[in-house]
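**Student:** Chains as they are written, first to last, in this note's numbering: chain A, 5 to 467; chain B, 5 to 467.
These are computed hints drawn from the structure, not numbers from a lab. Check the hints yourself; a few may be wrong.
One copy or two, either will do: identical chains are not told apart, so a pair holds if it fits within one copy or between any two.
Below, simulated DSS-like cross-link-like pairs (lysine-lysine); rule was C-alpha separation at most 25 angstroms, straight line [to be verified]: (1) Lys151 / Lys115; (2) Lys114 / Lys295; (3) Lys376 / Lys352; (4) Lys114 / Lys426.
All values reported here derive from a predicted model rather than from experimental measurement.
Residues per chain, in single letters:
Number of protein chains: 2
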Amino acid sequence: MELITVRELFKEKEKFAGKEVTVGGWIRSVRDSKTFGFIVLSDGTYFETLQVVYHDKMENFAEVSKLNVGSAIIVKGELTLTPDAKQPFEIQATEIIIEGKSTSDYPLQKKRHSMEYLRTISHLRPRTNTFQAVFRVRSLIAYAIHKFFQERDFVYVHTPIITGSDAEGAGEMFRVTTLDLDNLPMGEDGKVDNSKDFFGKATNLTVSGQLNGETYAMAFKNIYTFGPTFRAENSNTTRHAAEFWMIEPEIAFADLEDNMDLAEAMLKYIINYVLENAPEEMAFFNQFIDKELIERLKGVAGSDFGRVSYTEAIELLKEHNDEFDYKVSWGCDLQTEHERYLTEKIFKRPVFVTDYPKDIKAFYMKLNEDGKTVAAMDCLVPGIGEIIGGSQREEDYDLLTGRMKELGLNEADYDFYLDLRKYGSTRHAGFGLGFERCVMYLTGMSNIRDVIPFPRTVGNCEL
Amino acid sequence: MELITVRELFKEKEKFAGKEVTVGGWIRSVRDSKTFGFIVLSDGTYFETLQVVYHDKMENFAEVSKLNVGSAIIVKGELTLTPDAKQPFEIQATEIIIEGKSTSDYPLQKKRHSMEYLRTISHLRPRTNTFQAVFRVRSLIAYAIHKFFQERDFVYVHTPIITGSDAEGAGEMFRVTTLDLDNLPMGEDGKVDNSKDFFGKATNLTVSGQLNGETYAMAFKNIYTFGPTFRAENSNTTRHAAEFWMIEPEIAFADLEDNMDLAEAMLKYIINYVLENAPEEMAFFNQFIDKELIERLKGVAGSDFGRVSYTEAIELLKEHNDEFDYKVSWGCDLQTEHERYLTEKIFKRPVFVTDYPKDIKAFYMKLNEDGKTVAAMDCLVPGIGEIIGGSQREEDYDLLTGRMKELGLNEADYDFYLDLRKYGSTRHAGFGLGFERCVMYLTGMSNIRDVIPFPRTVGNCEL
């Protein structure tokens with residue numbers, strides 16, 4: 005079928021003016037008088053809707069006038085510019101083909117629905133303004149991320165989803181199995197015989213692709229992952245999901261400074277890409293979700309990010325300890341209240357906090373010369389706090405295995421990872437960006453359930 | 005660190021000629037005479053390697069000369085054009101910093117290793133020529149797919165990985181659970197009490213995002229998915245993996261013709277993108293993996309794909325039944341031998357086979373007017389057979405539920421899917437492209453384990 009999209013019509017209305025066009029879409033509203041009527045039509049390709057005017061010269065005038073919200077139709081007609089009206093043009097329909105009717109009990113009537121209600125109909129909510137905007141922007145952010153890294157010749161690596169290791173260390177894991185839970189094979193020790201499982205051992209869903217990603221950075225220099233990760237954590241908050249996507253670049257022959265430069269360039273690139281490619285959606289968010297959104301994002305895109313060591317940050321925050329629920333002192337982990345205070349009140353722009361105490365960070369982070377801190381970095385942004393976490397990695401075999409011993413980690417589980425430090429090790433660094441957190445940040449949406457098409461949280465795995 | 009990549013040097017050698025550059029990379033080989041030596045260096049950004057010349061004026065001349073293959077170094081020196089030599093330029097090193105040594109037992113010595121051996125060191129094999137080429141091309145194909153759909157304003161949808169439905173119907177599933185297998189909660193019926201599991205019920209890994217994807221096509225018109233899918237099938241072949249990525253576009257207000265047009269345009273776009281952006285890698289595959297690769301791909305990119313109905317295809321194949329292990333007759337499913345015969349011998353180009361008997365296809369495919377066949381399409385390509393499978397979907401509520409009853413499917417499991425046929429249903433279509441099969445097709449690699457960074461197959465889940 006030769007259909008024109010609503011996006012094409014808006015982008016090139018001059019070209020189509022006075023011409024006959026055919027558009028397919030879903031009815032947002034119909035109102036009719038005796039001899040003519042108006043239809044507001046959405047075809048999902050553009051945030052703005054299309055106005056269709058139809059007349060009683062049509063055979064099915066009465067039938068069209070009775071169509072319910074949500075019905076699918078194909079409209080043929082002439083595009084007429086309407087410079088004096090609210091909308092820039094309309095279609096004077098000569099024919100309307102009814103593809104599929106809707107019903108009067110269609111769950112999305114023309115009124116405001118609560119986010120909570122819309123979550124119960126995740127298969128229909130993308131038809132609303134809010135979720136049209138959210139999920140188109142989500143798609144654009146994903147593409148901006150690929151585009152950013154590919155333009156810089158990074159290699160996209162699909163790290164595995166099912167992992168035989170429980171050594172990723174970032175959280176509670178989901179078990180993956182083909183064993184029949186009602187009829188488990190038992191070993192002689194009275195425990196489940198995992199050797200009978202699909203992979204010949206117990207396997208889980210990944211919590212991070214980083215360790216695998218590092219192996220590819222040691223071959224391609226610059227790589228990134230972009231895939232789903234999982235946490236089986238029993239936390240029912242607005243910011244946690246059991247299944248979410250993560251981007252994890254890893255760069256070789258690079259240190260913490262290079263890592264921060266990369267993270268800063270990436271965030272600015274994403275923001276600019278979305279502001280440029282989804283202006284209608286961003287204006288909608290700014291009007292209905294968060295009045296300061298666009299100003300804040302433009303501020304981030306236009307400022308040089310601050311850089312401050314954890315030790316300095318603690319000194320700065322200590323002066324305001326009376327304003328915090330949790331008082332800070334050297335050695336403590338930063339809470340969201342501290343992070344937001346740093347970026348919103350003290351720096352008034354995004355800021356990297358670097359060189360955290362080694363005891364509050366992961367084993368693979370590079371030990372600094374002070375012997376107390378590691379070359380970690382967290383990127384804090386106004387309105388949210390931490391959005392990116394990363395580090396330079398410990399490339400020294402002896403220091404790394406020493407740290408693993410301190411923490412009681414089993415070296416055999418990390419053979420492949422230690423090989424990287426035996427065979428041509430080099431300074432390298434990387435970070436992780438939670439994709440959904442990034443979408444929340446760019447849209448102003450405050451609940452992670454509303455930026456994931458079909459969210460998975462404790463007790464919730466619908467559709 | 006301000007490093008220039010080998011890719012940049014090759015792309016702009018004139019610009020760098022006579023200038024001092026700094027490059028980090030890994031040693032592929034070293035050979036020295038008394039007063040000078042040669043290093044072949046790879047930094048992973050470009051398929052070609054960099055020649056470095058170093059001299060005994062360097063303090064660490066002896067140490068450098070003893071470096072093992074795989075060592076990481078940083079080289080400073082002047083880029084000198086060498087128009088008469090095999091390589092277009094070399095670096096006359098003034099300084100070599102040793103980042104990380106390798107050892108004499110480095111598993112990748114300068115010789116041919118078997119694919120089987122390299123599979124046992126999946127963390128190191130991307131350092132070899134073959135896997136440098138495979139995994140850069142894999143990355144480029146992934147990007148080409150995003151680029152193709154985004155340029156056409158398709159919305160990228162992350163359909164869920166963990167699913168509460170076992171209704172996707174495409175194969176054996178992996179169970180996902182947080183229950184302690186050694187201490188399962190039992191219900192009164194003596195069976196495992198799945199209500200105690202993380203999501204309050206039994207959940208599995210997805211086998212297809214299509215049904216979820218359709219819900220988004222009914223909101224955005226044109227969408228695509230690109231994510232991991234899973235099959236717990238006990239098949240140990242060169243073409244099956246338990247974890248693989250799939251692309252599933254879905255288009256609304258579109259029929260089977262539109263679907264074929266889209267698939268054909270996509271395949272041609274991917275091929276052209278890779279030929280243009282990875283000429284060195286493709287030349288390597290053509291020389292060492294498959295001598296007809298580039299000619300075949302150019303043929304596909306340059307030809308109009310054939311289109312033939314299943315019924316006509318059966319008539320054509322029947323004439324050659326003496327050449328087949330499995331004889332064809334109307335109603336049978338096509339085997340790879342038939343598919344390849346059609347595309348390689350009869351059509352001598354890619355061909356879509358359409359309108360298969362309904363009994364060998366899925367329940368959601370649109371019934372044709374003949375009542376016997378469905379609007380399915382398989383795309384067959386020379387050298388491999390089926391690479392894409394898709395269909396127009398049944399948009400009629402009564403026909404769809406009728407077909408589900410015939411097949412004994414439980415309607416309650418498909419409530420959300422049937423809603424799409426109640427509220428503004430429209431003709432729509434989609435297809436699935438197995439990403440790894442696509443990578444195999446474009447690289448000539450014959451084992452799926454060699455196009456996945458960390459492959460998962462029966463009994464194998466390493467790293």
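**Student:** Reference check for the pair Lys151 and Lys115, CA-CA at most 25 angstroms: within, between, both, or neither?
**Tutor:** neither (38 angstroms within a copy, 36 angstroms between copies)
**Student:** For the identical chains here, do Lys376 and Lys352 meet the 25 angstroms Cα criterion within one copy, between copies, both, or neither?
**Tutor:** neither (29 angstroms within a copy, 68 angstroms between copies)
**Student:** Is the C-alpha distance from Lys114 to Lys295 at most 25 angstroms within one copy, between copies, in both cases, or in neither?
**Tutor:** Within. Shortest intra-copy distance 24 angstroms satisfies the 25 angstroms Cα cut-off; inter-copy 61 angstroms does not.
**Student:** Within, between, both or neither: how does the pair Lys114, Lys426 come out at a Cα-Cα threshold of 25 angstroms?
**Tutor:** between (64 angstroms within a copy, 18 angstroms between copies)
Checked against the numbered hints above, the structure breaks hints 1 and 3 and satisfies the rest.
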